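Chemist: Construct the complete structure from the given sequences, taking the supplied hints into account.
If you read the protein sequences in the order shown, they are chains A and B. For the first sequence, my numbering assigns the number 1 to the initial residue and increments by one for each residue that follows. For the second sequence, my numbering assigns the number 1 to the initial residue and increments by one for each residue that follows.
In short, the hints are calculated from the structure, not lab data. All of these numbers come straight from a predicted model, not from anything done at the bench. Hints may be right or wrong, so weigh each one.
The list treats identical chains as one, so a pair stands whether inside a single copy or across any two.
[Claimed, not checked] Here are the simulated BS3-like pairs of lysine-lysine, each with C-alpha atoms no more than 25 Å apart in a straight line:
(1) K43 to K119
(2) K27 to K116
(3) K27 to K179
(4) K85 to K27
(5) K153 to K43
(6) K170 to K116
(7) K85 to K125
(8) K132 to K119
(9) K70 to K153
(10) K153 to K66
(11) K70 to K157
(12) K70 to K170
There are 2 protein chains.
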Amino acid sequence: MSDTLFYSPDIINNPQLPEIESHHCVKVLRMRNGDLLTVTDGKGHFYQCTLIDANPKHSTISIINKIDVKQPRNFILHVAFAPTKQMDRNEWFVEKATEIGIDRLTPIISNYSERKEIKFERLIKTAISAMKQSQQPFLPQIDETVSFNDFIKLPFKGNKYIAHCYETPKTPLTQIYKKGENALILIGPEGDFSEEEVERAINSGFSPISLGESRLRTETASLVATHTIHVINSLS
Amino acid sequence: MSDTLFYSPDIINNPQLPEIESHHCVKVLRMRNGDLLTVTDGKGHFYQCTLIDANPKHSTISIINKIDVKQPRNFILHVAFAPTKQMDRNEWFVEKATEIGIDRLTPIISNYSERKEIKFERLIKTAISAMKQSQQPFLPQIDETVSFNDFIKLPFKGNKYIAHCYETPKTPLTQIYKKGENALILIGPEGDFSEEEVERAINSGFSPISLGESRLRTETASLVATHTIHVINSLS
Chain A
1 MSDTLFYSPD
11 IINNPQLPEI
21 ESHHCVKVLR
31 MRNGDLLTVT
41 DGKGHFYQCT
51 LIDANPKHST
61 ISIINKIDVK
71 QPRNFILHVA
81 FAPTKQMDRN
91 EWFVEKATEI
101 GIDRLTPIIS
111 NYSERKEIKF
121 ERLIKTAISA
131 MKQSQQPFLP
141 QIDETVSFND
151 FIKLPFKGNK
161 YIAHCYETPK
171 TPLTQIYKKG
181 ENALILIGPE
191 GDFSEEEVER
201 AINSGFSPIS
211 LGESRLRTET
221 ASLVATHTIH
231 VINSLS
Chain B
1 MSDTLFYSPD
11 IINNPQLPEI
21 ESHHCVKVLR
31 MRNGDLLTVT
41 DGKGHFYQCT
51 LIDANPKHST
61 ISIINKIDVK
71 QPRNFILHVA
81 FAPTKQMDRN
91 EWFVEKATEI
101 GIDRLTPIIS
111 NYSERKEIKF
121 ERLIKTAISA
131 MKQSQQPFLP
141 QIDETVSFND
151 FIKLPFKGNK
161 YIAHCYETPK
171 TPLTQIYKKG
181 ENALILIGPE
191 GDFSEEEVER
201 AINSGFSPIS
211 LGESRLRTET
221 ASLVATHTIH
231 VINSLS
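Modeler: Next up, the structure:
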């Protein structure tokens, strides 16, 4: 059996591999009918399957066995970030956050955003390959771009934080976040959120936080926030 | 005064900007004689300077004021990593580690290393621009490539760890590392260290560690290890 993990989002209703996965399976790995493969739906399941119709565009598979995987986290982590100008920096944050473990990612557009739109499909593709590469059956939810003002109105069952660089009062994330809590963290663009946006977020229930001493790039701050939550949860 | 931070490693003995910095200063920012600029030597000092000879190849500066910056960390962090095949992944680890804060980085070559040499100068360049971008006066030490066997024999005043993916006994870094301790962490290549290398490191005083549940890429593992040490040190 190939140790490649394949992705088929709707395997139960449609036991096929999407085109990109079929191509990799048949053209790159040269798998043939009867070969065994492991597939995930990105929703917490692994499926041991047999390739029954090796087709470079839409291979058909047959499920032999389904394995339910328990979500390793007992907290929900949602990071909303203002995409950076350089697209590859957004992609690497999505890749790293998926590897480390995250539930939901939302690109937000704020006053000083240098990038007002984002190639949504590329972020999904990046998350899928990171999930496969790290051999997990959990694909984070990636949202379409939302405006800052609409986003802060959305409900969230947990603690909400906004990271900013102003001198106004804020608490380090490592001090304010407690193990096991659900967390929603807002990370601003290169030029930071506007003071008015920070104010508005605070009025919507977000606590202002800092992420340490050094001035971090947007994508570094996003990853630092993501991993800080993991470290605090893994402490005994 | 431009908010760009310039780098001049030997400013006291040679008050000039290196060629790349001179070019940025004179050609990109179009600074002129008499302009004020902030320079760091990467050794914990900021210098407020005046540009006295604006030259695109070797600008001369005059120091007005020297500011000593206290190292924000009370621990030493040294990460030795097996460089990944894709050079950009090594560069981003160096960039992110420099932003977050690290004292020393050593590329090591081990049995299963896919990359046996590394463009040393590119790593230095990456670290310098990350230091400048994050407005700090501390440039991490970046070593030339060392073989795994030579590296594990080097002395280190602190705790030594080796991260690996084998099922043999190991402790999560978040459990074994204690606030304030100096840490040297070994991160293996895509194919992991060989079991024999892990054995040899353990015999040289390295403790085997894990970095969490998910399977991480080499550069992600390196960054996760780096940031875990920071988070533990920032907890009260």
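Chemist: Take the hints in turn and mark each one as holding or not.
Modeler: Now the hints, each set against the structure:
| no. | hint | in the structure |
| --- | --- | --- |
| 1 | K43 to K119 | within (23 Å within a copy, 41 Å between copies) |
| 2 | K27 to K116 | neither (37 Å within a copy, 30 Å between copies) |
| 3 | K27 to K179 | neither (46 Å within a copy, 50 Å between copies) |
| 4 | K85 to K27 | between (35 Å within a copy, 23 Å between copies) |
| 5 | K153 to K43 | neither (27 Å within a copy, 46 Å between copies) |
| 6 | K170 to K116 | neither (27 Å within a copy, 45 Å between copies) |
| 7 | K85 to K125 | both (19 Å within a copy, 21 Å between copies) |
| 8 | K132 to K119 | within (21 Å within a copy, 30 Å between copies) |
| 9 | K70 to K153 | neither (31 Å within a copy, 42 Å between copies) |
| 10 | K153 to K66 | neither (39 Å within a copy, 48 Å between copies) |
| 11 | K70 to K157 | within (21 Å within a copy, 41 Å between copies) |
| 12 | K70 to K170 | between (35 Å within a copy, 23 Å between copies) |
Hint check: violations occur at hints 2, 3, 5, 6, 9, 10; the rest are consistent with the structure.
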